[in-house]
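So the sequences go chain by chain: A and B. Going by my numbering, the first residue of the first sequence is number 1, and it counts up by one from there. Going by my numbering, the first residue of the second sequence is number 1001, and it counts up by one from there.
Hints were generated in silico from the structure; no laboratory data involved. Keep in mind that a hint or two might mislead.
[Claimed, not checked] Derived, one-sided and incomplete: chain A residues facing chain B with beta-carbon distance under 7 Å: (1) Ile88; (2) Lys259; (3) Ile265; (4) Ile268; (5) Leu269; (6) Ala273; (7) Thr274; (8) Leu275; (9) Gly277.
Backbone N, C-alpha and C define an ideal beta-carbon position, used for all residues, glycine too.
2 protein chains.
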Amino acid sequence: MVKNRRLILRRRPSGNPVPDDFELVTEPLSEPEPSAFIVRNYFASLDPAQRGWMDDAPSYFPPIKLGDPVRATTVGIVHASANKSYKIGDWVLGLNALEDYSMVQPGGFTAPIDVSQVDSPTRFLSGMGAVGLSGYFGLLEVGKPKKGETLLVSGAAGAVGSVVGQIGKIKGCRVIGIAGGADKCRRLISDYGFDAAIDYRGKTVDQLAGEIATTIPDGANIVFENVGGDVFDAELMNLAPYARIVLCGLISEYNNPSKIGARNIWQILVKQATLTGFLSSDYVDRFAQGGLQMAKWIAEGRMRIDEDIQTGLENAYPAFMRLFSGANTGKLILKIA
Amino acid sequence: MVKNRRLILRRRPSGNPVPDDFELVTEPLSEPEPSAFIVRNYFASLDPAQRGWMDDAPSYFPPIKLGDPVRATTVGIVHASANKSYKIGDWVLGLNALEDYSMVQPGGFTAPIDVSQVDSPTRFLSGMGAVGLSGYFGLLEVGKPKKGETLLVSGAAGAVGSVVGQIGKIKGCRVIGIAGGADKCRRLISDYGFDAAIDYRGKTVDQLAGEIATTIPDGANIVFENVGGDVFDAELMNLAPYARIVLCGLISEYNNPSKIGARNIWQILVKQATLTGFLSSDYVDRFAQGGLQMAKWIAEGRMRIDEDIQTGLENAYPAFMRLFSGANTGKLILKIA
């Protein structure tokens, strides 16, 4: 009998998740339900969005139910199938869970993937996956960068931010990244080609706002926001008139039970700026197209995608927490098998 | 010799303005400078925006200089002129100051007005002025209301909010207003034709959010925001997917040295909503057109404009403070002469 290890959400985290919020259980693997298939998960994407799904709060997906495994995007191989469109041995991408095997009813975000296109199936979770394509569609469709504009990116060394900055450069923008720590700031310039990098660590909102103002005295035409809180407040003090702000993530807020939000939202009024909430799920039908463009840029050496691959379902909790400590260097991925 | 009383900004207010922040001085009136004219101010508009102009902070107009009179939109009659386009006795509208007489260099917001069109020249400060037209252009051009949509308006009994709600009804929306106190809520329905009114007073953010959710379970397609702070946070918990938020004012924040901002901005992300800062100054070249439409609706009895006219430059301070206590019933105007 095949065993299936599953990381169950036992309790909704209050602030920072702790190990006891989760339990790794082992269950026998069932047969595929009618029209479903079972996927052997090889790699899972670890994303800030998963923290939001653990809360009982209105969102674009229902909260993860207590007792259910933690929802995650995975890539894997069909292990057993009762659906003639998915054959044993096929590689598939889908919104599944942190578990060895997932029962999949096709539809939604499930799609076959052609791993012969890429050097590693993890590419479908990084540059060509929902995270890389969040940067791609968020910047191109909402930010609408124009040559010569100034683009300010927070969480710039992260999986989304590094893609956004590189696309900004391809589109002819001046790109400034905000990141935590001198190492990340160095990497923004040396690895991802940003024009300037600002370290937010150890600075008050006023100090950070002042440093941004020194770097871009005319303000940002586009802000790509991944962080929220103090960093966002400092950025808001540096908007150019009619700035477009792409709200893609708020990682500093997800573990904070008393949200800071945006104290300087009045700057959106006086600068006649626009703030738009962006979810890549709206662009799923264009993922293949976006993924091809990303693959082309990667092949041409114009786009660098770093992956931070942690190993083992039993390490899912410490691996996930790397997102919030800022320890991850590149797209955080959990190797399950 | 003609004397000119002027309300001077002596000190930048910290939080709520106090009487000592201002001084009413009397100066001799000079002759018109070359190409300028002197207007005898009859009525001045008292607006929340003036509070912002008293701070030394980046905004769409420079801060009022200490020692200068408090900037205000006024209507008045040309008293003396060195400009052949403006003759003694002409009525004019302009961005002047709280003073008996203003020296005006034509341009900017200065425009002749035809008071024969209206029952009172104050109409050019209320329904047909920048305030009424903020509601007009903000809702129509940014909110883009469609028949059958739900429109949520804060500060709904105020000069902008009451116009927004009435235009929302004309455009076929379901209109819900948020206001402070039972009297204002009654007036929203009886005087301005709102479908429902919610009193925010004495309620926590969660309580107010719950009351809004009971009234509009599917959320608001459009939020027209005049208030900010707790009221805005409660509204943000009640967005329909892809909601459009028109950010027109944040009156609860202007006297608050530690801004609340928008703690629930994460809802803009998960609902893929758009928040746009709106200033009527972008639409000055269409004011005449908007004013005509407003005048037509007023004449047809489809638009009610209330004015709260306080008298005397010496009463400017207590009159202005009515905006922040919520005492004003309709567009607040100061009669100077």
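Hints, one by one, checked against the model:
{"no.": "1", "hint": "Ile88", "result": "37 Å, violated"}
{"no.": "2", "hint": "Lys259", "result": "4 Å, holds"}
{"no.": "3", "hint": "Ile265", "result": "5 Å, holds"}
{"no.": "4", "hint": "Ile268", "result": "4 Å, holds"}
{"no.": "5", "hint": "Leu269", "result": "4 Å, holds"}
{"no.": "6", "hint": "Ala273", "result": "5 Å, holds"}
{"no.": "7", "hint": "Thr274", "result": "5 Å, holds"}
{"no.": "8", "hint": "Leu275", "result": "4 Å, holds"}
{"no.": "9", "hint": "Gly277", "result": "4 Å, holds"}
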